[in-house]
Structure formats: structure tokens, C-alpha cells
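Engineer: Assemble the whole structure, with the sequences as input and the hints as a guide.
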Amino acid sequence: MSVAMSVFDPTAPESSAPLQTRRVLDGLKGKVVGFIDNTKPNFHYLVEDLSRMMLDRYGVKSVLKRSKGKVSIPAPEELISDLAVECDLVITGSGD
Amino acid sequence: MGQSQAKALGHPSLPIVIIPHPFGSQSRASVRQIAEQCMLDIARVVCEAGPAPAQSTQAGPRAAMIEVGDDLDTVNQLFRERRWSDGLPIVPPTAERVARMLRGTARSRDEVVAIVAPGFGAASVELIAVNAVLAGCDPEYMPVLIAAVEAMTSPKFNLQGIQASTNPAGVWMIVNGPLAKRLGMNSGINALGHGNWANSTMGRALRLILQNIGRALPGELDRSTLGQPGKHLFCCAENEEQSPWEPLHVERGYRADQSTVTVVGAEGTLNMNTHSKDAAEMIRVMAETIRRPTGNDYCKGGDPWMVLSPEHAAILKAGGLTKAEVKRMLWEASRLPANRMAVIDMKRTMNRRQAELGEIRVDTLLPICVAPEGLGIIVCGGPGTHSAHVSSFGNTRSVTSEIDCSRP
Chain E
1 MSVAMSVFDP TAPESSAPLQ TRRVLDGLKG KVVGFIDNTK PNFHYLVEDL SRMMLDRYGV
61 KSVLKRSKGK VSIPAPEELI SDLAVECDLV ITGSGD
Chain X
1 MGQSQAKALG HPSLPIVIIP HPFGSQSRAS VRQIAEQCML DIARVVCEAG PAPAQSTQAG
61 PRAAMIEVGD DLDTVNQLFR ERRWSDGLPI VPPTAERVAR MLRGTARSRD EVVAIVAPGF
121 GAASVELIAV NAVLAGCDPE YMPVLIAAVE AMTSPKFNLQ GIQASTNPAG VWMIVNGPLA
181 KRLGMNSGIN ALGHGNWANS TMGRALRLIL QNIGRALPGE LDRSTLGQPG KHLFCCAENE
241 EQSPWEPLHV ERGYRADQST VTVVGAEGTL NMNTHSKDAA EMIRVMAETI RRPTGNDYCK
301 GGDPWMVLSP EHAAILKAGG LTKAEVKRML WEASRLPANR MAVIDMKRTM NRRQAELGEI
361 RVDTLLPICV APEGLGIIVC GGPGTHSAHV SSFGNTRSVT SEIDCSRP
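Those sequence lines, one after another, are chains E and X.
If you count the first sequence from 1, position 30 lands on 30 in the working numbering, and the numbers rise without skipping.
If you count the second sequence from 1, position 18 lands on 18 in the working numbering, and the numbers rise without skipping.
It should be emphasised that the hints constitute simulated quantities derived from the structure, not laboratory data.
Ideal placement from N, C-alpha and C gives every residue a C-beta, glycine not left out.
One or more hints might be untrue.
Stated by the list, open to error - Dumping the calculated DSS-like pairs for lysine-lysine here, alpha-carbon to alpha-carbon at most 25 Å:
| id | chain 1 | residue 1 | chain 2 | residue 2 |
| --- | --- | --- | --- | --- |
| 1 | E | Lys-65 | X | Lys-347 |
| 2 | X | Lys-7 | E | Lys-40 |
| 3 | E | Lys-40 | E | Lys-65 |
| 4 | E | Lys-70 | X | Lys-156 |
| 5 | E | Lys-29 | E | Lys-61 |
Unchecked claim - Residues of chain E clear of chain X, computed beta-carbon distances all greater than 10 Å:
| id | residue |
| --- | --- |
| 6 | Gly-30 |
| 7 | Val-32 |
| 8 | Ile-36 |
| 9 | Lys-61 |
| 10 | Leu-64 |
| 11 | Arg-66 |
| 12 | Glu-78 |
| 13 | Leu-79 |
| 14 | Ile-80 |
| 15 | Asp-82 |
| 16 | Ala-84 |
| 17 | Val-85 |
As the list claims (entries may be wrong) - Here are some, though not all, of the chain X residues that point toward chain E, as calculated from beta-carbon distances under 7 Å:
| id | residue |
| --- | --- |
| 18 | Gln-26 |
| 19 | Met-39 |
| 20 | Cys-47 |
| 21 | Ala-49 |
| 22 | Met-65 |
| 23 | Ile-66 |
| 24 | Glu-67 |
| 25 | Asp-70 |
| 26 | Pro-92 |
| 27 | Pro-93 |
| 28 | Val-98 |
| 29 | Ala-122 |
| 30 | Val-130 |
| 31 | Asn-131 |
| 32 | Leu-134 |
| 33 | Asn-395 |
Structural biologist: Right, dumping it as C-alpha cells:
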């Protein structure tokens, strides 16, 4: 290799977002579970099936179903903050 | 994608369950089977601690530098291996070149202009300059790039959706005002094509920013099924001198002597060749061209655009039409009967646009965007009978930012 030169790395550095640790659950029994329907095809069926199984088989206390409204737009802040207060676990989806 | 975004947002241990693609086209019975496995996975991952998060890497204000062999081939080999280029050779971003690029702006080198989705990388002025060097920009282009970064990170532009979607949308830059001429931008013959240094390198630089700072690498966070040539670069100036109407930036409340950049979440161009000399007839054939059952704009109520050639614009003007009237007439004439869509797409549209349009029936005429004012129009190009329709990502709204032309 010839004499070295220095060039800039054009990519953004790794995130400086503060690390947040999540709560590890001891199981689903007695928990309140929230769903944010991403409005993609079939996701509402998945929510329906998972809700039923959670309630019937896993002893989940209750299920809250919300929809983010538009598929490629983030869920409203208010919806997220409400679910964060009410739920032990929130499930959403990404992709097709 | 979920893991990358969770990490970028400070949640590296977010529990994720994976359902194999494709999911949306599965039958109801298949979804039930998928849900069974999915349920088992969810019950497991929410009880697992997951890997201990590594110490957060605090992003320093300055971009990192690396040593590489002192010849162009070696530098390009490195950029190729690390996927730091757009697939084309780059200009090495040496300290000297970056310093020269930074002389094109009065903004502080360390200032973070915006956070760029979907990887949520911090676009410092310095990093914008580094990517501008890669693309071959002149320093005088820096204010345009900074304004474009500001515009495309506005929430209503929905960069997250545009960058990570299976849709082919890219970011189209339209420059208005006196700066376009000072930079030597092309607004005339082949304005949306190749051959002009300012159009090409600025468009390319924005793509590199989207990829290197926004981390939208194809196959990783960029999930576009096909992409489109405009994702390499898509940049032009409006042909204000040959427009019979007020230019885009004046329409949006800026003075004619201000310079702006407008970003559009654009799918690509559809050529419209008509030799019609009659305004009403021209409106009709253009409307018929843009009306199509597979367009995201009709499904979502989008942000469609028309790039009118000076000749076409002159005919519409001679027909007594203002720009606002052209918009209204095209908007009305291009409404699409809902049942021209595939049944599943019509149902999706019914869900998505119900709040905007009320109950949608099979015979409802769907407008391409919420209101006539939402149809963007610029005049661009040279002599000839070709205009273009530019459809949009759908869930996006174009954003115009003023370019800070103050000297450093």
C-alpha cells in the first residue's frame, strides 16, 4: 500500500440515545396487554387471535386494542403514552 | 429493521418476534397457524432478560477519520466494502476537501441540523459536508443541502415511512429563487435528467446523506421492493423565467428574491406527451394519464405533482387558466371510481380515507389528494410537448425551506 491518507467516515456515529432497560415480565398471567394495530393487511386478524389465546390460555387480565390509524405514519404520541400507563406489555408490528 | 431502529432509539434489548414474510397475503386459516407459533414466541421473549446492553456510545461532535492507501482505487475499494457509497465511485473526503466544503456555509461545523430517519443518525454540518464531498459538490451547494435536510426531517414529510418502505419513493429536490441561477442549476432542457453538475451532485449528495446518515441501506433499513432511478438523484430548479404563473416558492408565501428548496416524497416520473393546443382537452388527457388504480396517492390521499413544460403551461395560460384553476380542474377530472381498484386495495382505501371522504362506496370518485391545492405544479424543462406526472409515497407532504444564502 502506498503512503496512507486520512479520510472521513461519512456515516453517522452510533446513537447517543440514552439506553433504556425494559421490564422483564414473570409471565403473562394477570397482565394488561396492549396492541397497536399497524393497519397492514391481516394484522387485525393476528391481534384477534393473539388476544383470544392470551385471555383463554395465559390468564391475561385484559387486552386493549388500539389502531395507529395510518399504516406508514407513526402512532400518535397520546396513544403511546396512554398505553404506556395502562399496560404491562404493548405489542405492535412492522413489515408486510 | 426493528432491531436496528430499537438500537438507534436506545432500546437494544427490545423483545422482537419474527413472522416470516409475506404475512399480509396469507389466508385467514394460515394467520391462525402463524398466531399459534407467534403466541409461544411472545410468551417466551417477554420473560427473557435479553443481552445486557453495551455501554452507550456517545456520538462525538466530529466525524471519525480513518487511514487508507493514498490512491483513488484503494479509497474506493474501502468505500465499496463498507457500503459507504451509492454504488458509484466517490471523491475521497479528505480533511482538506471537507474544510473547503465547509467554507460554503456560515453554520457551525458541529451543529446538528437534524436527526435523519430511519437510523436516526445525527446530521451535523460536518457530516453533510463529508457526503457533499463524496458526491462531488461545490462548496456553494452546502446551503441547499442543509435546507433540504431541514425540510425532509419535518414530521409531515414522513421520512421514516419514505426511507423504510417497500414503496420506491425517493426525495426530489426542487430549487426556487435566484440562487438556482447563481449555482448554474438546470431548469430547462433535460432538467430532470443528466448533464448538469449542480443538479446531479446535489441530488447525489442528498441520497448519500439519506443512506450514510439516515442509514437507509438497501436490504437493511431501506426495504424498497424495486427502487427507482430517482433514488440515485432527483434534483432540479423550476423554470421560473418561462412560467406564466407565480413560482412554487412565491405560491408558498416566500418573496421572489428568496431562495428555497422543496422536498417531495416522489415515486418517479410518468411522461405525458400531447400536442393538444386546447386547454380543456389538455386537462382531460393529463387527468386520464394520472388516474390509475395502483397509485398510492389514490389509496392514501397523497401529494401528487405535475411538472409542466413551458409549452404546455403557455397553452393552459392562454386558455385563461391560473395555476389554482389548473389544479382544481385536474383534481376534479382525475378522480378515480373506487371500484377500478383491486378489491383488497379498495377496502384498504375505504379504511384509510373514510375520515377524509366519509363513507366510500364502490362508485365513489376518489380524488388523488385531499384538496385541489394539494396538487403540486411546477414549470420545468425546455421546448417540446412533454410534461410529467410525479406520483408520491402517499403518506407524505412536501416541505419548503428557505435556503440561508448569507455568506460565511
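Engineer: Would you mind marking each hint as holding or not holding in the structure?
Structural biologist: The hints, checked one at a time:
1. For the hint pairing Lys-65 (chain E) with Lys-347 (chain X), the CA-to-CA distance comes to about 21 Å; that is within 25 Å, so the pair holds.
2. Note on Lys-7 (chain X) and Lys-40 (chain E): the hinted pairing holds, with a Cα-Cα distance of about 24 Å set against a maximum of 25 Å.
3. Under the criterion of a C-alpha separation no larger than 25 Å, the hint pairing Lys-40 (chain E) with Lys-65 (chain E) is consistent with the structure, at around 15 Å.
4. Note on Lys-70 (chain E) and Lys-156 (chain X): the hinted pairing holds, with a Cα-Cα distance of about 13 Å set against a maximum of 25 Å.
5. A C-alpha spacing of about 7 Å is found between Lys-29 (chain E) and Lys-61 (chain E), which places the hinted pair at or below 25 Å, so the restraint holds.
6. At roughly 13 Å, the least C-beta separation between Gly-30 (chain E) and chain X is larger than 10 Å, which holds for a residue marked as non-interface.
7. The claim that Val-32 (chain E) lies off the interface holds: its Cβ sits roughly 13 Å from the closest Cβ of chain X, which is beyond the 10 Å cut-off.
8. The beta carbon of Ile-36 (chain E) sits about 13 Å from the closest Cβ of chain X, which is more than 10 Å, so the claim that it is off the interface holds.
9. Once the 10 Å rule is applied to beta carbons, Lys-61 (chain E) is consistent with being away from chain X; the minimum gap is 15 Å.
10. At the 10 Å boundary, the C-beta of Leu-64 (chain E) stays outside the reach of chain X, the nearest C-beta of that chain being 16 Å off.
11. The beta carbon of Arg-66 (chain E) sits about 15 Å from the closest Cβ of chain X, which is more than 10 Å, so the claim that it is off the interface holds.
12. With a minimum CB-CB distance of about 15 Å to chain X, Glu-78 (chain E) clears the 10 Å threshold, and the non-interface call stands.
13. At roughly 15 Å, the least C-beta separation between Leu-79 (chain E) and chain X is larger than 10 Å, which holds for a residue marked as non-interface.
14. Interface exclusion of Ile-80 (chain E) from chain X stands, the closest Cβ pair being 13 Å apart, more than 10 Å.
15. Consistency note on Asp-82 (chain E): stated as away from chain X, and its beta-carbon is indeed over 10 Å from all of that chain's, at 19 Å minimum.
16. Distance to chain X confirms Ala-84 (chain E) as a non-interface residue, since its nearest Cβ pair spans about 13 Å, more than 10 Å.
17. The beta carbon of Val-85 (chain E) is kept farther than 10 Å from every beta carbon of chain X, the shortest such distance being approximately 18 Å.
18. With a cut of 7 Å, the hint placing Gln-26 (chain X) at the interface with chain E holds, because the nearest CB-to-CB distance is about 6 Å.
19. Here the hint on Met-39 (chain X) is kept, as its CB sits about 5 Å from the closest CB of chain E, short of 7 Å.
20. At its closest, the beta carbon of Cys-47 (chain X) sits 6 Å from a beta carbon of chain E; the interface hint therefore holds under the 7 Å criterion.
21. About 5 Å separates the beta-carbon of Ala-49 (chain X) from the nearest beta-carbon of chain E, less than 7 Å, and the hint is met.
22. With its C-beta approaching chain E no nearer than about 5 Å, Met-65 (chain X) sits inside the 7 Å limit, and its interface hint holds.
23. Annotation: interface hint on Ile-66 (chain X) holds; nearest CB of chain E at approximately 6 Å, less than 7 Å.
24. Hint status for Glu-67 (chain X): holds, given a least beta-carbon distance of 4 Å to chain E, under 7 Å.
25. The beta carbon of Asp-70 (chain X) is positioned within 7 Å of a beta carbon in chain E (closest approach about 4 Å), and the interface hint is therefore held.
26. Interface hint status for Pro-92 (chain X): upheld, as the beta-carbon distance to the closest one in chain E is roughly 5 Å, under 7 Å.
27. The restraint placing Pro-93 (chain X) at the interface with chain E holds, with a minimum CB-CB distance near 4 Å, inside the 7 Å limit.
28. Among the interface hints, the one on Val-98 (chain X) holds; its C-beta lies about 6 Å from the nearest C-beta in chain E, closer than the 7 Å criterion.
29. Using the Cβ-Cβ criterion of 7 Å, the hint placing Ala-122 (chain X) at the interface with chain E is satisfied: the shortest such distance is roughly 6 Å.
30. The beta carbon of Val-130 (chain X) is positioned within 7 Å of a beta carbon in chain E (closest approach about 4 Å), and the interface hint is therefore held.
31. Nearest Cβ of chain E to the Cβ of Asn-131 (chain X): about 5 Å, under the 7 Å cut. The hint holds.
32. Because the closest C-beta pair between Leu-134 (chain X) and chain E is about 6 Å apart, less than 7 Å, the hint holds.
33. This hint holds: Asn-395 (chain X) has a C-beta 5 Å from the nearest C-beta of chain E, less than the 7 Å allowed.
Comparing the model with each numbered hint stated earlier shows that all of them hold.
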